[in-house]
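Chain P is already provided as a structure; the job is to place chain V with the ligand on it using the hints.
The listed protein sequences correspond, in order, to chains P and V.
In this text, residue positions in the first sequence follow the UniProt record's numbering: the first is 1, and each later residue adds one.
In this text, residue positions in the second sequence follow the UniProt record's numbering: the first is 1, and each later residue adds one.
Any given hint could be a false lead.
When the alpha-carbon atoms are kept at most 35 angstroms apart in a straight line, the in silico DSBU-like pairs for lysine-lysine are as follows [to be verified]:
#	chain 1	residue 1	chain 2	residue 2
1	V	LYS177	V	LYS105
2	V	LYS199	V	LYS177
3	P	LYS177	P	LYS199
4	P	LYS105	V	LYS199
5	P	LYS177	P	LYS194
6	V	LYS192	P	LYS192
If you're looking for bench data, these hints aren't it; they were derived computationally from the structure.
A quick note: this is a predicted structure, and the numbers were derived from the prediction, not measured.
There are 2 protein chains.
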Amino acid sequence: MAQSANDRLEAQFAFLNEADRLKSVLRATTLVDGSRPENSGEHSWHLALYALVLADQAGPGVDINRVIRMLLIHDLVEIDVGDVPIHSANGLAHASVETTTAEAKAADRIFGLLPPDLGPPLRALWEEFEAAESPDARFAKALDRVQPVMANLRSGGGTWATYNVTYEQLEARVGSKIARGAPGLWEWVQGKAKPWFLKGKES
Amino acid sequence: MAQSANDRLEAQFAFLNEADRLKSVLRATTLVDGSRPENSGEHSWHLALYALVLADQAGPGVDINRVIRMLLIHDLVEIDVGDVPIHSANGLAHASVETTTAEAKAADRIFGLLPPDLGPPLRALWEEFEAAESPDARFAKALDRVQPVMANLRSGGGTWATYNVTYEQLEARVGSKIARGAPGLWEWVQGKAKPWFLKGKES
Ligand SMILES: [Ca+2]
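Looking at chain P on its own, in the form it has when it is part of the complex:
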C-alpha cells in the first residue's frame, strides 16, 4: 500500500533528523589547522567537495554525481558504530568482522527509516562503497584515503604521530587504496607525504 504524502515526509525527515547525529561522531583526524577533531558530517561534506574538484583524477567510466551521492552517505553507519580509525589496532580494527557486522546492522536501522523506494537504493549505494569494487566506489574510497593525508600533513603529522605509523604502513593501508582508484593522485600525494616520514616524524 502506498504511503500518504504526509507519512512519506515524516519518514524522510525521520532520516534527515537522525542523520544530524553524524555531526557528533568524532574522527581521529583533526581539521587542517589542527584545532580540533574532525566530525564525520563535515568530513562527508569535504569529501563530496573533493569529488567535485578532483573529478579529472577519476578513471574512465566513473560517474562523479554517483560518487558524490556515495560520499554523502558513506559514513552514516558511524552514528551507531562510531569512527574506526584506519591506523588504530595496528591497522586491523577497520575491517574486523565485529566492525562490519555492527555496520550492517546500523545500515538496516538508519536506511530503514526512509520510505521503501528510497532506503534500499541508498543502502545498496553504501554497500557498493564498502565493497570498493566498482569504478565509482574505488574513486570514492581513494578520496576517503587522501583527505586525512592532507590534514595530517598540514597539522604536523596528526594520526601518523598518534599511531606511530611508518611509511610502509601508509603505503599498505592508504596508498594501495588511493592508487587503485586514482593512480595519478597517489603519485602526487606520495611526493607530499614521503618527506614527513623521512624526517623521522618530526611534528
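For chain V with the ligand alone, coordinates are given in the frame of chain P:
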C-alpha cells in the same frame, strides 16, 4: 598556457585545504539535539543530503545533481564573511549591500584558488544560488530555509527564541522562500512550525 599536472593539483588542493576552514564558521542554529552551534561545513553536508532525500519535492526541470553541487559550495564565502543569521538585525542584515559586496569579494578570492577551468563555473553556480531565480537555485534555497526550521523545532525554538521571531516573520523570511522552491514542503513545514508560535514560544 596550460598548467602542468602538478601545478593543477597544487591549485586544486589549495582550494580544498582552504575550504576546510568552513568547518570553523559557526551558525546561529544549533544541532538538532541542541548540544552546540552548527558549523557551515556540516550544514552544507546536511543540505546536500536533504536534496538527495527530498528530490521528489522539487518542481519540474530541477536537476538534483546540480542542486547538490550548488549546496556543497553555497556557503564557502562565509570563510571570509562569516554566517549572517536570517533573523539577525530584524531580518535586514542578510541581504544588505555590505554583506553582498563582501561575499562577492570572498568569492573572487576563494574560487580564484582553483584552476581556470574549474573556478569560474563554480563561481557562476554560487551566483546562480544567490540570485535564486533558476529552478535549481529556488529548490536549493528552499532546502537552505527548511533545515534550520527542523533544528529549531527539535531544540526548543533555537534562533526563533534568540531573535524573538514571530510567525509572520517566519512566513516572510523563511516561508516565502520555501514556498517558492518547494511548495509541498512548505505546506508540511507550516503544520509543524505553527504550533510552536501559537504556544507563545514556550521552549
Ligand atoms: Ca570516511
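We went through each hint and held it up to the structure:
Our distance criterion of 35 angstroms between C-alpha atoms is met by V/LYS177 and V/LYS105, whose separation comes to about 25 angstroms. Taking the CA atoms of V/LYS199 and V/LYS177, the gap is near 24 angstroms; set against the 35 angstroms cutoff, the hint holds. Straight-line distance between C-alpha atoms of P/LYS177 and P/LYS199 comes to about 24 angstroms, which keeps the hinted pair within the 35 angstroms bound. Taking the CA atoms of P/LYS105 and V/LYS199, the gap is about 40 angstroms. The hint is violated against a cut of 35 angstroms.
For the suggested pair P/LYS177 and P/LYS194, the alpha carbons sit about 17 angstroms apart, so the restraint of at most 35 angstroms is met. Among the hinted pairs, V/LYS192 with P/LYS192 is inconsistent with the structure: their alpha-carbon atoms are about 51 angstroms apart, more than 35 angstroms.
The structure fails to meet hints 4 and 6 from the earlier list, while all remaining hints are met.
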